[in-house]
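Novice: The chain contents come next:
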Amino acid sequence: MKRCFISLAALAMVPGVAYAQSDTDQQSVTLQGNVASLCVLGAPSQSSIDLGQLVATSGTRVGRIAAIGDQHVTLPGSFCNFAGTALTVSSDAMLAADSSAVQPGFARAVNYTSSVDNWASTPPTVTTAATAGGGTPNATGTGGVEPLPKVADLDLSLSSFTVPSDALLVAGDYAGSVTITLGPAVSD
Amino acid sequence: MKTFTVAAAALLAGTASVASAQSDTDATTPLPVIGTVPALCTGGTLAGGDAFDLGVLIDVNTGYLRTDLSTEPKVLTGSFCSARSTISVVATPISAQNFTATPPNGFSRQVDYTATASGWTPTAAVYNTADATHPAATQQRDAAFTGDITVSIGDFSTVGGNALRMVADPSYRGMVTVTLAVAD
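Residue numbers (this note's numbering), protein chains in the order written: chain P, 40 to 227; chain A, -7 to 176.
Reference excerpt, derived from the structure (chain P facing chain A, CB under 8 Å, subset only): (1) S76; (2) V79; (3) D89; (4) Q92; (5) V94; (6) G102; (7) F145; (8) L197; (9) L208; (10) A210; (11) G211; (12) S216; (13) V217; (14) L221; (15) P223.
Far from chain A, some chain P residues (derived; all Cβ distances over 12 Å): (16) T63; (17) D156; (18) T161; (19) A168; (20) G174; (21) G180; (22) P203.
Simulated from the structure, these hints should not be mistaken for lab results. Computed from a predicted model, the values in this text were never measured in an experiment. From the three backbone atoms N, C-alpha and C, an ideal C-beta is built for every residue, glycine too.
Construct all of the structure, not just a fragment, from the sequences and the given hints.
Specialist: Following this line, the structure appears as structure tokens:
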């Protein structure tokens, strides 16, 4: 029993050491991190743009491109979390699947204008200029610089569908594509 | 302090690995723009009226079919097919419209002829009303094409033989039909 009592007395001396320090202590912890520069395009409201029948089937313009209304696709919630960004739109004219050489008076290409609104004050706008035979189908345009981080619903519009020389269109399936890119503006 | 520094370095390293999975540039996958153009053929517009007018068919001195019958061709302008196509020509004999009974011996009430549609295919489509078969009446064009089609008639002959005379009738008529069609 006596041996146990001495051990407790030794423990009682430990608080006596603490009383020899200040009653306040302070340490600083630095928290660090970063936010990556991000641009993210919202999912397009539709996965493709199907124009259906492209030509008039009666009347004075039979066989030539019909009046096709403007087409719109929304990319909701698109954003960049940094300043100095720009949109680029790259479009390929619609070409007939049949790549055979076209006869005089015919074309196998449908050109159109692409524009993406709701980003910088100057939207990217580009018009394809494929030849009747389908050459040089691609065109690319870049819009103005957005000076602030931004989130917006982007509006892709396709309009002014035309055929080189307003020629007759060869029969078949036609396909083109539009690619939108959002990222840092490229300075000259 | 050393402990804190190590902890901060670990935090930075972790952040960097997250950033590398993202990008400051985003692009859509190419958004398809699609449409179709059906196979179409149109015969165009017939210039110069819609009838071959041969006038008087017989030599009035003999009663036999004239040997110098002729008429200007007709031209179909603005014809086109947007795909591979065939052109066919079909004709019916020039027949008396009022005298429809069997003609008496020595007479005929019909005239055969050849109808030709040229300009669409390298080989013209030809139909002779006197022939039993018409293998050249349909020709094929292997690609979309637009151009004028010239339709002509000629090679007239009396049905039953040129030794027969034509019965009198104020109206003799035949028909030439040109058909453009998408080839199978």
